[in-house]
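When you get a sec, could you build the whole thing from the sequences and use the hints?
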Amino acid sequence: MTVLFNSPIGSEVLALINPTVNIDSFELYGEWAMLSDGIHAGASVIKTVSGIIEIPQYSVIILRK
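Count the sequence shown with the numbering used here and you get residues 1 to 65, in order.
Since the hints were made in silico from the structure, they are not lab data.
Simulated crosslink set (SDA-like; lysine to any residue; CA at most 20 Å straight-line):
| id | residue 1 | residue 2 |
| --- | --- | --- |
| 1 | Lys65 | Ile17 |
| 2 | Lys47 | Leu35 |
| 3 | Lys47 | Asp37 |
Here the structure is a predicted model, which is why all the values come from computation and not from measurement.
Following this line, the structure appears as structure tokens:
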């Protein structure tokens with residue numbers, strides 16, 4: 001499941017949700033700052049990602065552009 005939010009300050013927030021036992025993937029357009037990688041989460045950027053990313057099983061990845 002993918003959810004895209006537009007924040008009032010002009011940035012986009014993307015939540016990639018994988019509720020299954022299988023690893024999933026998603027293709028990103030442009031560079032995104034990862035705030036949650038399925039294990040760690042916070043207000044600090046974990047890393048910058050682009051292209052196709054993997055979403056671990058039973059996890060949520062939060063990205064900000």
